[in-house]
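Sequence order for the protein chains is A and B.
FYI, in the working numbering the residues of the first sequence are 1389 to 2013.
FYI, in the working numbering the residues of the second sequence are 108 to 346.
Among the clues, some could well be false.
Unchecked claim - No farther apart than 20 Å at their CA atoms in a straight line, the calculated lysine to any residue pairs in the SDA-like style are these: (1) A:K1927 <-> B:P208; (2) B:K193 <-> A:T1942; (3) A:K1927 <-> B:M311; (4) B:K196 <-> B:G285; (5) B:K196 <-> A:A1923; (6) A:K1927 <-> B:L310; (7) A:K1927 <-> B:E203; (8) A:K1927 <-> B:I301; (9) B:K306 <-> A:A1923.
No wet-lab data here; the hints were simulated from the structure.
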Amino acid sequence: MIFSLLDELLIFSAATVLVALILGRGLAVGWMVTILYGGQLLVLIKMAALGYGGDPIASELSLSVMGQDLSWRFDALSWFFALITLVAALLTSWFSCGEWERKFKQQRGNVWLFHLAMALNVFTMLILLASGDLLSLFIGWELVSWAGFLLMAVAGGVATKAAIRYITYAVVGGMSIFGGIALVYAAAGSLQYEAILIAVEKMSTGQLWMLVLLFGSGFGIKMGLLPFHLWQAAAYAETPGPGSAFLGAISSRMGLFAILLVLVKLFGIVNIDSLKIPFTLIDARDLLAWIAVFTIIFPTYTALKQNDARYLLAWHGIGQGGYMLLGLVTANSLGAAGGLLHVLNYAACQAALLMAVFAVMHRTGTADLNKLGGLVARMPLSFLVLLTGIIGLAGLPPMNGFVSKWLVYRSLLEDGMPLLFLGTIIGTLGTILSVYKLIHNMFLGQLRVEHEQVREAPWSMMTPMLILAGTIFVTGLLPGIPLTWVSAALQTIGLTGPEITLGGIESSSGSLDMIWVIGVLFAGFGIGAVIFYSAGPSKRVHQLDNYAGGHFLTADVRYQYSDNFYSGLMHLIRGWYRGSFQWLENSITSLVEFLSLGMQGIYRRANSEFYLLSTALFIIAWVVF
Amino acid sequence: MVMSRLQKIPVVEEKKGNPLARVFDDLVRFCRSRSLFILHYCTGCGAIELPPAMTSRFDMERLGIQPMVSPRQADILLITGYVSIKTLKRVILTYEQMGSPKYVVGICSCTVNGGMYWQSYATAKKLDEYMPVDLYIAGCMPRPEAVISGLQKLMDRIKNGEADSWQDYYRNYDYYLGNQQKLFGEDWQTPTDIITEAKHYELMGEGTLGQHTRLLEQHQQPLEALEMRLGHKLKEPVE
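Let the sequences and hints guide you as you build the complete structure.
Have a look at this one:
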């Protein structure tokens, strides 16, 4: 039996899980696993032809279960997502080696379980990405859900609670997807993509609606789309450092991958567009677009209120998912490319940001934004990484986030959707405000007395952070490289990408060349630098030699404005924070609890043999008639 | 004291050499005079004349003058009224935090000679005993027209290169410090180390050091600027 490259990749990945499982209690397990992720990445790079429009690579493994053929294969879309997954896994695992791991052990963390959970996550994600039909997709989906649960629950305590909340949502989502698959099977008689594509053409509007809702909500739960977003922030933020960075970077995007595969590729944007909502002017596609926009706005402004750096970033993760979906739902060449490119750009930014936050947490022991400040003087490289990350996340040049967001904005304007555009702008405003809060409260302002002796993060953590910061800049300078992969990925789901140049895109209505944009930007910086350095001697001053309305500052007087940040803005928008979604979740929880209590009451009070008898009778009656 | 300071007025010598260098200096001075940020330290009733001077009625900004919130970016320190001893400490702190070149404008009679607070035990009478003042605008209070005409005069002086009394604070620091110590006590100090600054800007004069600065050095606890550190030079953090 000859293994294909995909088999090699999956076997490699499974081997990583085994190594983590068996040797996980040994000493250098972190380094070992990191090297194995590197090996997986190498195999993936051997498949690089996929990213440039090569033929899909199938796995030799295929099963037949109850007449259903299960198959696995990699195409350009899977390759694109797998690339992000493996790079994220490699760098976050690297981050965890050495000092972080030692400290985690000291705090009674289970290093073995952590590495095992990471390896399992990567393995299951690759299986999901390789799925070749709906059944294998479902299997991969469930595996990813449970592997994610394992990683989230590693830390114990609050994390376990968040993880249980997640798995409750995930099980509901899984059921919804399962229902969708059953319906598809009833209509198409098969779960192969080709058969479904034919069957979709003959489906009635009602059937399509049902499928869009079932699959949309099922996959949307993983992505944290409104109104299923509540589980995500706590679950990701409470995961141990590198795990959090890994989950934050890529985990939710599995939902996007599945949405692309099922809603865009199988059902087709045109079909979704034809699903009108009665008595309104909007259709299912508009519905998705608006859900995406509200997913941008609400979580982003929730992030603005957070006082824990991890939670702030985790809430952003939900919001940024909205940009991706929005771009892909517009389904024109610019928007789709922007949305898919944002998956990569966002993953790089989020991983870098979370790593920087966890590096600070590693040194200072806290991520509370009210208990930090002035760390730029002690952790300048982490500051640099965080700065790069927030510029990328906020979508400003010269970082990569600008390119993908620009493409999404552009597509909305070209398609004549000003209200959606406005929504994205409001979301971006919230992003800029909250990332400024992040960098200000952690790194700028007054250094606290207790942080006088803080040191920069160790190189085992710093190196992957710097690599990510470099990636953020390089993919911003030369977006043509990732856009080529994006373009190939779009073709596999029946969309076309824009015309690509090395520095951006070529379009009749306006091109983007980041090399020029960044050149002009840095020329501006250069002029500023010339003025600064030619203006004579400058002087460094002590942080207590600061202006506070004429007050004499001393070390015991804190002059770091962090509490009640943006009080003016909050005064204006406070009324909007009503916690409606929380209320909705609570009321559904109460309802379920109430019903289960009722059932319990009946079950416990009466004679259980009687129930058994009546159930048996009912089943017999149902079978007979 | 006044006589001795009068004798120190520098005689402007005709500069020879590269004429273009002077063109550049003139240009810099012109630009400087047309872009002034004021930090108004509103100590007394004169402050009430500033809003009309700044806003649309008299519109200071047409002259390139606008308010600034922090001393680090400000060019002019505007003292608008009587200066109590408590306030004076803050005024001196603020003045020392401003970046050079900096100009001080005293508005109202109180800054000139104590005005109606002449007999008060808690008021500093003459502002120029504690910091070099470029310009006084007398009156109780001066109207916005007077404020603006005063500021215009300051602009002219800046343009002509005459407004350099800020250098006097470095060159005669001992004199100013002595007056400050007389008022605030011997252990008076601000976070800014003026002597080091004077050395840094090469503005050491005969009067920079003296008996008062020696007194200061006995009390002074220097504040060293935070260095950016990559960490491994440091000791293990105390846990």
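**Message:** Hinted pair, alpha-carbon criterion (20 Å max): K196 of chain B, G285 of chain B. Please report holds or violated.
**Reply:** Holds, at roughly 14 Å.
**Asked** Hey, K1927 of chain A versus E203 of chain B, does the alpha-carbon distance stay inside 20 Å?
**Response** Between K1927 of chain A and E203 of chain B the Cα gap is close to 13 Å, so the pair holds against 20 Å.
**Message:** Between the alpha carbons of K1927 of chain A and L310 of chain B, is the straight-line distance 20 Å or under?
**Reply:** Answer holds: K1927 of chain A to L310 of chain B is near 15 Å, not above 20 Å.
**Asked** Has the given pair, K306 of chain B with A1923 of chain A, been kept, meaning a C-alpha gap of at most 20 Å?
**Response** holds, 17 Å
**Prompt:** Taking 20 Å as the top limit, are the C-alpha atoms of K1927 of chain A and P208 of chain B close enough?
**Reply:** holds, 14 Å
**Asked** Is it true that the CA of K1927 of chain A sits at most 20 Å from the CA of I301 of chain B?
**Response** Holds: K1927 of chain A and I301 of chain B sit about 12 Å apart, inside 20 Å.
**Message:** Does M311 of chain B sit within 20 Å of K1927 of chain A, going by the straight-line distance between their CA atoms?
**Reply:** The given pair, whose Cα atoms are some 17 Å apart, holds under the 20 Å limit.
**Message:** With the threshold set at 20 Å, check whether the alpha-carbon distance from K196 of chain B to A1923 of chain A stays at or below it.
**Reply:** With Cα atoms ~30 Å apart, K196 of chain B and A1923 of chain A exceed 20 Å; violated.
**Given hint T1942 of chain A paired with K193 of chain B - CA-CA distance at most 20 Å** = Holds. K193 of chain B to T1942 of chain A sits at ~18 Å (cutoff 20 Å).
Violated hint: 5 only; the structure is consistent with all others.
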